[in-house]
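Please build the complex by placing chain V on the supplied structure of chain R, with the hints as guidance.
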Amino acid sequence: MRGSAISSLFVFNPTLKPLSEHPTEDEYKSCKLIYYYPENAPLFEQHTHVGLAEGMCMFVQQFSDNPLESIHTEKHTHILQQCEPNIWLCIVLNHGDSPSESFIRQQDLETHPHVLKAIVDNYYRNFYLFHGPLTNFRYPEDFPHLKNLLSDYTKIFDEDQPKRTELFEGFAYCPLDRKSYMNVMYGLSQISFTHTDVLHTMLIYDGYIVNTSMPQQGSLLVYSYLARDKNWRRLIDMKRDLNPNACQYGRIAEYPKKGFVYGKNSAGIIVPTVYLPDIPPCKMLLWVQENMQLVLLMKNQEVPEETIEVIRNSLHELCPDIIKTIQSQYQRVLNSEDSFKFLYFNNMNLAIKQSSKLNPIDDQLYRLILTVSAQMRDSTQKYDSLVKTIVRTNIAWVMAVKVLDSREIYFVLPPSTAPVNKVEEEIVKFANGYFHTIFTGL
Amino acid sequence: MEHTKSFSKKKQFFVFTSAGKPVWTRYGDETDLTTFIGSVTAILYNFQQYYRGEQDTLRFIKTKDVNIVFLCTQALYYVCVCKNNETIESIYQQLGMLHSKVISTLTNNITTMLISRPNYDARNLMGGTHSSLDCMIKTTARCLHFIKGFGPSRMPLNQRNMIASIFKNNIHSDVVYGFVMTTNYVIYRYTRKNVGLHHIDAALLSNLITSYISLRSTMSWTPICLPHFSDEGFLYTWVTLMQESNIFIVLLSDNASAFKELKTCGNAIEAELESMKLVVEESIACMPHPVYTFDVKEVNHFVYFSKYYDQFVMSGTHPANFVHLPELPKEHYQELMIRYNQAHSFSEYAEYYKGNYTKVDVYRNELVVCIRNQEYELLASMSSIIPINTCVQICSQLCKTLKQEEPNLFIPK
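In the order they appear, the protein sequences are chains R and V.
According to this note's numbering, the first sequence holds residues 122 to 563 in order.
According to this note's numbering, the second sequence holds residues 633 to 1045 in order.
Next up, chain R with everything else stripped away, as it sits in the complex (with noise of 0.2 Å):
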């Protein structure tokens, strides 16, 4: 969600009680609260917060068996969500004020359901890629620790939230025919063979996933993290430094020409664990070549040195070939312009295709692509689902095809007075040319 800073962010378990013989009340609150944030937010106004989102959880039981999801305030979005057993991540994001005489909130365009979740699971999952699920810190020992891994990763959630302009979560596939896809997938089960510690591989082109073999949910984590929306100079601009106590998040070496990121680099041996969904907790390495991102997830706990060396050299010899193979194709696409601006999401198979046209999308179509697509979510759950919209307004001309329920197509035009049906004639056009492959509907 673009442009909403955080207000508060609090992460909470209301069945931890203190621990000395005789807690005072302030005892009571302080040990439920795992972490808040900002810190130098006074102890009273803490406790407070904690104590009305619980409040809250309570209230609403008396409607729905459903549990809360948001607060909406004139000022303030609330964002509950239980991650996990009794452990509850609550996020105050700030709209600043812009008084209306209505009831409608400009905010309310980008507070959408799924949205408000995404921004959630988005905390979580990248604290839980590195560090792995919040009920393996035992309370109270670990606590602590738990406490300033959650610190650190915070402000940097923080800095990044309003920076995120992408509008689906999924993958930006890289453009290559059937022969130089097998080509690739060729070298890279030579890897998977020759190296049998390694249990899953990623390759990414330049931002673009090319092939894995991970599920889906944790290849997502991987590729959000490393690739989407060309987050690994995002990583490398925040310049962290190498600690092994403090967060992982966006703790990298420097990308070198062609060598590990995560392995063995001049700034030595740097092997995080990652936490994936459906996988064991197993060890990354990162190799970068060119604008090939090559990741590798270790089946064992332990990478010991040499494994790391004989992986490089493997690395050193396949490597050249897949990247010249994915170059050729790459540019030519990269090079063409699209003729239309359009947005495509695959919801089974999370493809995303934005057109150059429509690069970088400005904040206001950003949410009027946004609230459509909300629509289009928000109809398959109620009634009759909504298959195709077209709107104009006074930015611009928006047409939104549903296909199957689980493909949207988004197409942009610039504000004119054309009618309706002259847009729709004109979209249909490029569509049945450029989506041949798809049946659209159209």
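Among the clues, some could well be false.
Dumping the calculated DSSO-like pairs for lysine-lysine here, alpha-carbon to alpha-carbon at most 30 Å [said to hold, decoys possible]:
no.	chain 1	residue 1	chain 2	residue 2
1	R	K543	V	K1032
2	V	K641	R	K238
3	R	K268	R	K153
4	R	K284	R	K543
5	V	K696	R	K238
6	V	K962	R	K150
7	V	K696	R	K284
8	V	K986	R	K462
9	V	K643	R	K238
10	V	K642	R	K543
11	R	K385	R	K445
12	V	K825	R	K238
13	R	K385	R	K360
14	V	K715	R	K543
15	R	K276	R	K360
16	V	K986	V	K939
17	V	K696	R	K153
18	R	K550	V	K986
19	V	K986	R	K478
20	R	K284	V	K986
21	V	K986	R	K543
22	V	K929	R	K543
23	R	K238	V	K642
If the Cβ cut is set under 10 Å, some of the chain R residues that face chain V in the computed set are [stated by the list, open to error]:
no.	residue
24	L173
25	F184
26	H193
27	N207
28	S223
29	F224
30	L288
31	R488
32	S500
Simulated from the structure, these hints should not be mistaken for laboratory data.
Ideal Cβ placement from N, Cα and C applies to all residues, glycine included.
Showing chain V alone in chain R's frame:
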């Protein structure tokens, strides 16, 4: 406990003071809900002061299947817990109308009183209003929140002009507003020079006529506050029901002592209207409008709002009337309202609407169009198999028909 029964209702309303004193609840007894209301008041207060030095206001809370919407005025708070699929804006409008009804009953003096005496128990002041509040909620829930007008009955212009002449010939200077109306429809309205009629005030008056059966049995003189005329005091309403008919003549005056004058005026109007009674009843009998009367076959339903008249026309049903023609079953109307809201929603944001807006939503079983410009707003429902270019032509034809028909559809200014 009693209050748990009321919590299981699909849509529950609570009205209470800023001090946590219950004033009204749609279901259950306010007394049983004192603890609950106290907790809600505390929640509202905590969110108002969530961050020290910053004032904020709670708007709504969401779970997957429940929306809880809040309206905080100076001294009175309104909360709705809604488990059906109504939009937040629609629920908020219902809360707004509840507040208008409270002010209509008590004037804004209630606000002044509650500010100076926060612990005052206002429950008794709202005694006897339960059915009218409930009726107001039901009617408002059937309205589209963005249509800021009222829906009169259809009548040929020359006949409405005849009613206008009757009023002109017999009106007294003390009359601020005059109406010929039924419990559901306004047939004619008169306003004193330089006085406008706000659609909320029209709705409050309609609610008064609908809710109080006693007004139908005999000529009545009753106070009502119309907040958009003035929320500080009452207007005095002379109401009579024409003999053997469901047509009311309603005159409102700002002069509390004008009963005799209004009675004379009203009786004269009634006498002259007697000759037109059949014509008036005919105009009511043809409501709600079947869609085919507008000569556009492909349209299943429409709502048309004229910005010049500040009035709307709807086919198949009318928000004030719970009758549904076979072409528009009640369940489909509820779904359609949500779809109309969705089609209209972007135009409610200043960044997307600058006087020209169109949206076409195609569902599997329906096509919904919203056209909004500086002259009118049109929402229409058609079959989803109609191509967009045909849909455009249909809408264009419908707008043309409605524009031509406007003098007969709406009460002239």
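Discussion item. Just to be careful, I want the Cα atoms of V/K696 and R/K284 compared with a cutoff of 30 Å; is the pair within it?
Written reply: 28 Å, holds
Worksheet entry | Pair hint outcome, R/K284 versus V/K986 [Cα-Cα no greater than 30 Å] | 29 Å, holds
Discussion item. Just to be careful, I want the Cα atoms of R/K284 and R/K543 compared with a cutoff of 30 Å; is the pair within it?
Written reply: This hinted pair is violated, its Cα atoms lying about 36 Å apart.
Practice prompt. Under 10 Å, Cβ to Cβ, is where R/F184 needs to be relative to chain V, so tell me if that hint holds or is violated.
Written response: Where the cut-off is 10 Å and the nearest Cβ of chain V is about 5 Å from R/F184, the hint holds.
Worksheet item: Given the hint that R/K543 pairs with V/K1032, does the C-alpha gap stay at or below 30 Å?
Response: Within the cut-off at roughly 20 Å; holds.
Item to complete: Using Cβ atoms only, decide whether R/S223 comes closer than 10 Å to chain V, and label the hint accordingly.
Response: At 7 Å from the nearest chain V Cβ, R/S223 passes the 10 Å test, so the hint holds.
Item to complete: For the hint on R/N207, just tell me whether its beta-carbon gets within less than 10 Å of chain V.
Response: Since chain V brings no Cβ nearer than about 19 Å to R/N207, farther than 10 Å, the hint is violated.
Discussion item. For a C-alpha distance cap of 30 Å, please report whether V/K715 and R/K543 respect it.
Written reply: 41 Å, violated
Item to complete: With a cut-off of 30 Å on the C-alpha distance, tell me whether R/K385 and R/K360 pass.
Response: 18 Å, holds
Fill in: Interface hint for R/H193, Cβ within 10 Å of any Cβ on chain V
5 Å, holds
Discussion item. Can you confirm whether the C-alpha distance between V/K986 and R/K478 stays at or below 30 Å?
Written reply: 25 Å, holds
Discussion item. Need the status of pair V/K962, R/K150: alpha-carbon distance at most 30 Å?
Written reply: 51 Å, violated
In the structure shown, a violation is registered for the earlier hints numbered 4, 6, 10, 12, 14, 27, 30, in ascending order.
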